[in-house]
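Based on the sequences and whatever the hints tell you, model everything.
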Amino acid sequence: MDQHLIVFKEVAERKNFSRAAEALHMSQPAVSQYIASLEKELGVRLLERSNKFVELNKAGELVYQYAQEILRNYNQMQILVSDLKNDPSGELKIGASYTIGEYVLPRFLAKLQENYPNIIPAVSIGNTDDIGAKLVQHEIDIGLIEGNFTHHQVSIEQFATDEMYIIAGVGQSFKEEACISIKDLENETWIIREEGSGTRKMLEEFFQRSNFEPKRILTFGSTQTIKEGVESGLGISMLSNLTFTKERKLKKIQKLFVEGTPIERKFSIIKNYHEFQPKALEVFENLVKQST
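When we follow the numbering used here, the leftmost residue of the sequence shown carries the number 188, and every step to the right adds one.
Honestly, I wouldn't trust all of these hints.
Per label pair, the in silico range of CB-to-CB distance [said to hold, decoys possible]:
1. E209 to P304: 31 to 39 Å
2. V357 to I404: 20 to 28 Å
3. Q464 to I404: 40 to 48 Å
4. L267 to E242: 29 to 37 Å
5. Q324 to E400: 31 to 39 Å
6. E289 to K245: 41 to 49 Å
7. M264 to E228: 22 to 30 Å
8. V357 to E382: 23 to 31 Å
9. Q395 to S342: 21 to 29 Å
10. N428 to L229: 54 to 62 Å
11. L229 to M264: 21 to 29 Å
12. H325 to P216: 31 to 39 Å
Keep in mind the hints are simulated off the structure, nothing from the lab. C-beta atoms are modelled at their ideal positions from N, C-alpha and C, and glycine is treated no differently.
Written out as structure tokens, the structure is:
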């Protein structure tokens, strides 16, 4: 692999010759020499230098984009060649939306560790939009999401279904077995997830279908915080049945049978179209599909 591109990429990302040299275990003069040699070969200046930092100019931005792609392709080639002669191994970058990441993914990872101990998972948890964006930017290899994510370079395939219920604290004046109209909940405080969350999208679609608009909404950034708010009587919410099983057994949260619920949604695998698939990714994807 061309060391010039490796050095240039480090300098571009760290915006400093000394820090790039430290990361590469090289001397600063050696780093400077590589950059000068690359600029001479291309016949154009790539970096604007100051005493404290360096910045990419327009030519540098172009070279940086291609350098990223070239180095990524080279690494992918190494993995594929290794796959031909070895068992699945190496790092696998997995992204998962919150409900899946906190309540479903751990058992997938346990099976992966049991069957393929040489695969090292690196997990990112975020809302559905966050995971989709990470996949598009090649920050993860595969994503497991709630609901939908649409992008021209991303494929999506359902692997499981989930049911969502409206929930309340046990101290609130609802009878769990009674069927409730959504209109009966008009004056309740609704605790919902942040923008970009698959759970929030499903709840907003339910409101729209029901021609319903809550009078008071609180927005929380995690499922756990929402459950604690519901338990305390702060308000009601809609969450996946997977997320409050323990609290329901402990009689801290009750499931409300509201007209139009439960809402079924899909859990999906997302991948980049036309990307190479190392054995590690293939075995994890198959494990997910077979475990549901």
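Going down the list of hints, with the structure as the test:
Under the hint 31 to 39 Å, the C-beta atoms of E209 and P304, about 33 Å apart, fit the expected range. Between V357 and I404 the Cβ separation comes to about 22 Å, which falls inside the hinted range of 20 to 28 Å. With their beta carbons about 42 Å apart, Q464 and I404 fall inside the hinted range of 40 to 48 Å. Evaluation of the 29 to 37 Å hint for L267 and E242 yields a pass: the beta carbon distance comes to about 35 Å.
Roughly 36 Å separates the CB atoms of Q324 and E400, a value that falls within the hinted 31 to 39 Å. Take E289 and K245: their Cβ atoms lie about 43 Å apart, and the range 41 to 49 Å holds. At roughly 23 Å, the beta carbons of M264 and E228 sit within the given window of 22 to 30 Å. Range check, V357 to E382: about 30 Å between beta-carbon atoms, so the 23 to 31 Å window is met.
The supplied range of 21 to 29 Å is met by Q395 and S342, whose beta-carbon atoms lie about 28 Å from each other. Checking the proposed 54 to 62 Å range against N428 and L229 shows it holds: the Cβ atoms sit about 58 Å from each other. The hinted range of 21 to 29 Å is satisfied by L229 and M264, whose Cβ atoms lie roughly 24 Å apart. Between H325 and P216 the beta carbons are some 33 Å apart, a value that agrees with the proposed interval 31 to 39 Å.
Of the numbered hints stated above, none is contradicted by the structure.
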